[in-house]
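Visitor: Spelled out, the chains give:
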Amino acid sequence: MHSLVVESLNTGVILVDADYNLVYFNHFMQSHPALKSPDILGKNLFSVFPELPKSWMTRKLQSVVMLDSPAFSSWEQRQYLFKMQHTRPITTSNEFMAQNISMLPIKSDKTKNEVDHICITVEDATDVCFYQEKLKLTLAELERSNRTDGLTQIANRRYWEERFNTAFLSAVRYNEELSLILFDLDKFKIINDKFGHQAGDKVLIESAALIQSMLRQHDVFGRYGGEEFAILLPNTGLRGAYELAERIRVAFENQIVEYKSFNIAATLSLGVVSYHSGIRNYDDMLTRADMALYESKRSGRNKTTVYQAS
Amino acid sequence: MIEITITEEQRDCLQELINVAMGRASDKLARYLETFVHLQVPHIELVSSSELPQAFAETYGDDSVTLLSQGFYGQDGITGETLLIYRADHTKNIANILGYEPDEVSEMEQLTDISSILTTTFLNGLAEQIDNQIAYSAPRVISSSETSIEKHLQDLSFNWELALKVAISYQVTDYEFNCDMVLLIPGVAIENIQQVLDQILEEY
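Protein chains in written order, with our numbering: chain A, 1 to 310; chain B, 1001 to 1204.
Hints are computed from structural coordinates only; laboratory data are not their basis.
Here the structure is a predicted model, which is why all the values come from computation and not from measurement.
Please note that the accuracy of each hint is not assured.
Distance ranges between label pairs, derived from CB positions [unchecked claim]: (1) A:194 with B:1106: 57 to 63 Å; (2) A:110 with B:1104: 34 to 40 Å; (3) B:1176 with A:27: 45 to 51 Å; (4) A:196 with B:1106: 52 to 58 Å; (5) A:169 with B:1159: 40 to 46 Å; (6) A:172 with B:1015: 35 to 41 Å; (7) A:3 with B:1103: 37 to 43 Å; (8) B:1050 with A:133: 50 to 56 Å.
Heads up, the beta-carbon is just placed ideally off N, CA and C, and yes, glycines get one too.
Chain A with its partners taken away, still in its complex shape:
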C-alpha cells in the first residue's frame, strides 16, 4: 500500500544507498529520459544523471549521511538538478522543470543508528519560478516608468533631482568635479500657438532625442519643467561643460523638426555652472544655473552663459 502511494505522488522520489547507487525511483521520475533505459538500478547516481553538479552535490549528500540531517536545493539558487520536462510547456516559458529538492537521511536498519540510504525528493516549482520571474520584470518596468518622463522618455524631474542630490554629496565628499547645464527652448509658447500642441510635443521629443545622443553614459538628462531641461555632468569641469553646452546649442540651431507640412526651427538658451567650494548646497547650485540661464535669455537668447561668482 505504501509503495502505491509513493508511486502515485506528484513528486519525484529517488532512493540511493550510501555509495550513491540507485536503489529505487518512482513513477514521476520516469519522465526523465535517463531512467528509460533498462538495468538502471544499481548504477551510480552521477553516471545515470551526468547533468548533476557532482562535487557540490557529493558534499551535500555527505552532509546528509554524516550529520544525519536533511539537505536542500532550491530553484532560486539552482533552477534544477535533474534536467526534466515539466507539465506546463505551453503556458510558461521555462525550458526545464524548476525544482525544489530535498535530500533526506534514511536509516533502514533499525538496530544500527546509521544513515545507510538517502531519499531525494524532486518537487516541480515551475509555476512559482515563472510567476516570480514575471513579478521581477514587472517591478523593474514599474521602477523604470516611475522615473521616466512620459513624453520624452528621459528622466523625470523627481528622479533627476534625486540623482543630482547624490552626485552633489559625492562631489562635496570626494572633492570631485561636477557641472550642471540648465536650458530652455526659446519662445516655445509661440511654437505651440502657431503650429499646435502636437507640434510642440514633437519638438520636445525630437530635441530630447538629439541631445541624449550627444551625452556620455554617466550624464543624467532630465526634463525639469514644460520646456526646461537639465543635464548633470559628473566628473566634468567648467570648460568641458561649456563646450558641451555650445555643441548642444549649435546642433539645436541646425535642427529642423518636420511636422505635417511645417519645418520648425528652434533655439536654446543655456546656463552652465560648476561646483566649487563657495556653493553650499544643491539648491544653491541650481539657483546659479538658473541665473546664468536667465542671463542668456535677457541678452538675446540662443546663447550659453557661464555663471561667474561676482
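Starting from the known structure of chain A, fit chain B onto it as the hints suggest.
Guide: Relative to chain A, chain B alone:
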C-alpha cells in the same frame, strides 16, 4: 493576551538541553567541516512580536546583513523558525568552510547551505534528548543586505504575541566566520515545549 511565563526550573532545564545539543552539534560539525566551530553560550528569553523588529534594529543597526529563515516542525506541536543572520564582512570564506570548489556555488547558495547545516545539526541534537523527531523546510533568504532587517520585520504582521527566543552565536575562527542564530518558538508551541520540560523535570 496569553499569559505565559517561564519558571526558573524550566529555563535551567532548557538551558541544560541546549548546552548538550550545542556540544553534539559542535562535535558533528567538526567532523564534517574539519574545523572547530565555537558555539557561544545561548541567551534565552520570551519576546513579544511587537518588540522583535526593534530588538533586531538595536543589535544590527545599519550593518549590511542578510537574513535567512528555516522552519521546523516536530512532534507534540513543537514548531518554530530559526533565523540566521550574517554580516557581509564575516561571510567571505563560507565556500572554503563547506569544502566547495571556488566559484562553484553562488553566495546565496553558500548561505542557504550553511544555514541548513547549522540549524539542523543543532535542532537534531535538541530533538534527540527529548525523544522528538524534527522535520525541516528548506532555508529561504528573507532579506538581503540591501534592505534593512528592521524594515523587513516591520512589514510582517505576526500572528503570535509571544515567542520563546534562543540566541546562539557561531564562530569559525580558522575562517574568520561568524553568524547569529535566533531560534523562535511562537505562541502555543511555547506551552508545548513547557510540557516537555515539565515532564523531564518530573522524571529527574
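Visitor: State for each hint whether it applies.
Guide: Hint by hint, here is what the structure shows:
1. A hinted range of 57 to 63 Å for the beta carbons of residue 194 of chain A and residue 1106 of chain B is consistent with their spacing of about 60 Å.
2. For the pair residue 110 of chain A and residue 1104 of chain B, the beta carbons lie near 37 Å from each other, so the given range of 34 to 40 Å is met.
3. Residue 1176 of chain B and residue 27 of chain A have their C-beta atoms about 48 Å apart, which keeps the hinted 45 to 51 Å range intact.
4. As the Cβ distance of residue 196 of chain A to residue 1106 of chain B is approximately 56 Å, the hint placing it in 52 to 58 Å holds.
5. Distance hint check: the CB atoms of residue 169 of chain A and residue 1159 of chain B are about 42 Å apart, consistent with the given range 40 to 46 Å.
6. Hint check: residue 172 of chain A to residue 1015 of chain B, Cβ distance near 53 Å, so the stated range 35 to 41 Å is violated.
7. Distance hint check for residue 3 of chain A and residue 1103 of chain B: the Cβ-Cβ separation is about 42 Å, which falls inside the suggested range of 37 to 43 Å.
8. Checked against the given bound of 50 to 56 Å, the beta carbons of residue 1050 of chain B and residue 133 of chain A, roughly 35 Å apart, lie outside it.
Of the numbered hints given earlier, the model fails hints 6 and 8; all others are met.
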